[in-house]
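*Asks:* Sequence:
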Amino acid sequence: MDITHDTLFNGALRLSQPARGHRIGTDAVLLAAACPQGAGRIVDLGCGAGAVGLRAAQVNADATVTLVDCDAEILALAAANSAANRLDDRCRVVAGDVLAKGFPAADSGLKDWADAVLTNPPFAAPGRGTISPDSRRARAHVIAGPLEAWVKAALRCLRPGGTLVMIHRADAIGDILAAMARRFGGVSLRFVHPRAGEPAHRVLVCARKGARAPLVILPPLVLHGAEGRFTDEAAALHAGISGLSPG
1 MDITHDTLFN
11 GALRLSQPAR
21 GHRIGTDAVL
31 LAAACPQGAG
41 RIVDLGCGAG
51 AVGLRAAQVN
61 ADATVTLVDC
71 DAEILALAAA
81 NSAANRLDDR
91 CRVVAGDVLA
101 KGFPAADSGL
111 KDWADAVLTN
121 PPFAAPGRGT
131 ISPDSRRARA
141 HVIAGPLEAW
151 VKAALRCLRP
161 GGTLVMIHRA
171 DAIGDILAAM
181 ARRFGGVSLR
191 FVHPRAGEPA
201 HRVLVCARKG
211 ARAPLVILPP
221 LVLHGAEGRF
231 TDEAAALHAG
241 ISGLSPG
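Each residue of the sequence shown is one higher than the one before, counting from 1 in the working numbering.
Source of the hints: derived by calculation from the structure; they are not laboratory data. One or more of the hints may lead you astray.
[As the list claims (entries may be wrong)] Keeping only pairs whose Cα atoms sit at most 25 Å apart, straight-line, the calculated DSS-like set for lysine-lysine is:
1. K111 with K101
2. K152 with K111
3. K152 with K101
[Stated by the list, open to error] Label-pair restraints from in silico Cβ distances:
4. A83 with V216: 13 to 21 Å
5. D112 with R212: 17 to 25 Å
6. S242 with D62: 16 to 24 Å
7. D112 with R20: 22 to 30 Å
8. A196 with D89: 41 to 49 Å
9. G225 with D89: 37 to 45 Å
10. A178 with E198: 23 to 31 Å
Owing to the predicted nature of the structure, the values given are computational and were not obtained by experimental measurement. Even for Gly, the Cβ is constructed at its ideal location relative to N, Cα and C.
Could you build the full structure based on these sequences and the hints that come with them?
*Replies:* Below, the structure written as structure tokens:
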């Protein structure tokens, strides 16, 4: 596996990641920025190289973070990134298939553990669109089961009242809300638009385990101005100098 050595958040986070296949981008930046402030126990579910969970650990200085992925090579990379950013005293890696029966394993310590679960599930259903010939990229993009199963796995990791933060395709909102029904409440939605006047392509979803509060739609986030550069808000998020209130 060829590796590149990169930085995010104006150099604050050092990140080694595969040179080919799924690469860290704006989705990870937004998900990390939406981590609830003050969360003491955080799970990055389907962590990849660990960018989201490690950034959450940087911002929440007292937090303990668990990085979960089913790819052993990628998980080793996440562990190396944790050490490179001097976060390995507060971050651990756990091998696990989010969609497997019995997840999380009894010996993982994840059951009902987390204050917050951050997750960027594979966006595409099997048979939807062209599947990458790169197996790692394909696994990151095409979910191997129903989205509901992924949401239920996150639910099992959360303590009562814990918060799930997820980024997904905006056009999947129906499936997302159906998967959360009767499991989560206090749902807030923030739609993400490439440019003003264009349809949303992403949605940030925040929800609390077992809550009964009504759904709230937050102000949208616009990523680019007419000239193609980041808007001031998007630039500040990528620089790591501001966050996103998840709800």
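*Asks:* Against each hint, give a clear statement of whether it holds in the structure.
*Replies:* Consistency of the hints with the structure:
1. Taking the CA atoms of K111 and K101, the gap is near 14 Å; set against the 25 Å cutoff, the hint holds.
2. Under the criterion of a C-alpha separation no larger than 25 Å, the hint pairing K152 with K111 is consistent with the structure, at around 12 Å.
3. This hinted pair checks out: K152 and K101 have alpha carbons roughly 11 Å apart, not beyond 25 Å.
4. Between A83 and V216 the Cβ separation comes to about 39 Å, which falls outside the hinted range of 13 to 21 Å.
5. Between D112 and R212 the beta carbons are some 19 Å apart, a value that agrees with the proposed interval 17 to 25 Å.
6. Between S242 and D62 the C-beta distance comes to about 20 Å, which sits within the given range of 16 to 24 Å.
7. The beta-carbon spacing between D112 and R20, approximately 38 Å, falls outside the hinted interval of 22 to 30 Å.
8. Checked against the given bound of 41 to 49 Å, the beta carbons of A196 and D89, roughly 43 Å apart, stay inside it.
9. Between G225 and D89 the C-beta distance comes to about 41 Å, which sits within the given range of 37 to 45 Å.
10. Checked against the hint of 23 to 31 Å, the pair A178 and E198 passes, with Cβ atoms roughly 26 Å apart.
Figure legend: structure checked against the earlier numbered hints; hints not met, in rising order: 4, 7.
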